[in-house]
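> Residue numbers (the working numbering), protein chains in the order written: chain P, 1 to 303; chain Z, 1001 to 1222.
Hints listed in this document are in silico derivations from the structure and should not be mistaken for laboratory results. Since the structure is predicted, the reported quantities are computational estimates derived from the model, not experimental observations. Where is the CB? At the ideal position from N, CA and C, for every residue including glycine. Heads up, a few of these hints could be off.
[Claimed, not checked] What the simulated footprint calls covered on chain Z by chain P, stretch by stretch (three residues with Cβ under 8 Å from a Cβ of chain P suffice, anywhere in the stretch; the number is not a length):
#1 1039-1052
#2 1138-1149
[Said to hold, decoys possible] Just the calculated beta-carbon pair ranges, DEER-fashion:
#3 Z:I1009 to P:D117: 23 to 31 Å
#4 Z:V1170 to P:R15: 38 to 46 Å
#5 Z:R1155 to P:G113: 29 to 37 Å
#6 P:P133 to Z:F1035: 40 to 48 Å
#7 Z:A1010 to P:K132: 51 to 59 Å
#8 P:K132 to Z:A1123: 49 to 57 Å
#9 P:D117 to Z:L1197: 49 to 57 Å
#10 Z:V1032 to P:R120: 23 to 31 Å
[Stated by the list, open to error] Computed list of lysine to aspartate or glutamate pairs in EDC-like fashion (alpha-carbon distance at most 16 Å, straight line):
#11 P:K102 to P:D75
#12 P:K135 to Z:E1115
#13 P:K135 to Z:E1040
#14 P:K132 to P:D105
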Amino acid sequence: MTRSRPEATVAARLRGLTKRFPGFELGPLDLVLEPGTVLVLVGPNGAGKTTTLNCMAGLMVPDEGGTEIFGAPVDPARPAYRRDMGYVGEESGFFRRWTVAKNLDYLAHYLPGWSTDRARQLADRFALPLNKPVKDLSRGNRTKLALVAALAPGPRLLLLDEPTSGLDPVVRSEVLDVFWEITEDGEHAVLYSTHALSDISRLADELVFLRDGQLVLRTGRDELSERWRRVSFRLQDEVVELPGVVEHRVVRAEHQVITQDAPATLERLSELGAEAVEVARLSVDEIAVQILKEGHHVERAAN
Amino acid sequence: MWNALRTEIAYNRPWLLGGLGLAVGVVIIVSVVFFAVGEEGPPSHAAAGIRGMFLFMAPLIVGFIIQTYRSEERRARLLLAGPLTPRQLAGVNVLLPIFLFGIGVLASGLMLGIEFLVTGNLALESLHIVGYVGGLIFMGLMIGLVAIEATAAHRQRRLRAATAGWAGLVVGVLLLAALTSAVVFIQGPWSWPVLHLGNLIVAVTAMVITVRLYSGRTDFTR
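One chain only, chain Z, in its complex shape:
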């Protein structure tokens, strides 16, 4: 499974580097703009959130591209000629976005570190906003995987699995909406931890549903 994951990352390295390069370029431009507008721009923690968003978005958008390639190139056919089981293939499917999310975390951390070196201060609020934005994007990708598997289950006439997948998807989207709205209402020291935890719960649940639905596939030809 790890070998398959490593290979997919190596295969898609040009996309990944290109996406990150683009994101860094955008972050530099945005930083210059914020610097130019000075105090008329967004507060520093919001500016960090905006910049961090690009650094999370780039690898996770690459994640979408990778999933599309894997599906289009019928990678499961190749991997199922060897020692991997469907559960391990599902593992690769969910570990790939986690790896890419990790790159987003690293890139954003680097950005915040540079900001700290330049400005000499770093608000905790900035860390939370960057983490929250990244978590939302990651959660969106994971919910997308559930949608793919629920659709596959429906196509394969595994109606209970499809229903469970779609139900999980709806609950996930509702939670996503609730969490986004909650930013406005939740106040106090627990607000950010609650939001991060919510993101994490939805993402992990989506991962578990994806693995279960994929493992139960009756058709690996697509």
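Here chain P stands alone, though its shape is the one from the complex:
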């Protein structure tokens, strides 16, 4: 595996990626991740996030379609694609009876492009206990070690599978701060999977919503927070057709709706003569819940 890096305009490209399990089918997924973009894959447990990332990392072979990483096809038998990719998943395969330092020393010899300086800086930054066996590390420290291992070779693409899941708030904040620093330079492409958006929303450039193995929506973070609103108003008609509304509750003449197209909804309400119209922002998590709720129609966005 050489370190020459082919120039490619796309960090990762999924083409019709399909993986089938009994009772579950992921995809076909088509997705493009540009360099310097933080794309957050959002979905409930079992939506197919981990399978997507495993296929992208070459840990699973898709049934159909495939992935390219900086132009190199993901094929476990041709490891060229791995030179520019770092992956942090639930398990990292470390030698558990060895210390953190010994694991890092092994990786320094095993992984091409490894920077001992970068590894040391990150280990210091995370205050990793270098002399502790991996089996004795807390979950937070294991995640930090996995991050050091993923980042030390200097990959341009990071695949992060729920890296903060199960971490306490302090450690989560530390880990997120490091992500913030990494992504600030605008050179790293990051695909970050999560089922809780609140942590990562400040880092996200784009959001991809996955439900039951299918891509439900891809949208920019700002676009999402600009268009979604909770609107309450008074209107005598109990049944009313409003554009963009995904949830509608009525108690007597008091209506409360959640809309994915606030301008269109408000314009229609104005035409209908609604009174006491109040508009409130929704948190990204609230929006995600609405998008991922079963049965809601959400307009599909092109990739």
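Put chain Z on the given structure of chain P with help from the hints.
The following block gives chain Z in isolation, referenced to the frame of chain P:
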């Protein structure tokens, strides 16, 4: 691949040394018992076979432990972050038992050498019995690897691969049984070479099947 193999051996050195130490202890105890019972004990070549069995068993049992650790610690995930291909990973899987078998050969050879120095004679029969017992244990380990890969293929819905793996396993076990029974029936100067060759053929076939099944995996997360 060699680096990964070396690392696994270094990582599991305490198990290996502990297992060998235990086996040597057992061999010493068994030797003392055989010496104490004198002519009422087994013939010298059978006694050598029994002692050799422990020296082969120890490293190969350690081999089982190592495979379990590697699987439990999801080593493939770590190695597939680097330059290794699945075929090379499969190579590590089959080379590890070969290395451990080599340790068994060395330990048994040492034991037979000591026996020769002490007693002044060494029957060819003893060499054959020790080699045969070691070969059987090695073959058993290799067939175990085929079983692991056939199960993985079944789980990954690679039904043809799983069927081929299980068929190979059944044929291997039948051959193992046939070879074991053949000890009774095969007589003459070719009996031992035939048995050794049989062991070798089954072991090599099991290795090839293991590498092929592993290389065809569609899931390396477990």
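> Which of the numbered hints above does this structure break?
Violated: hints 1, 2, 7, 10, 11, 12 and 13.
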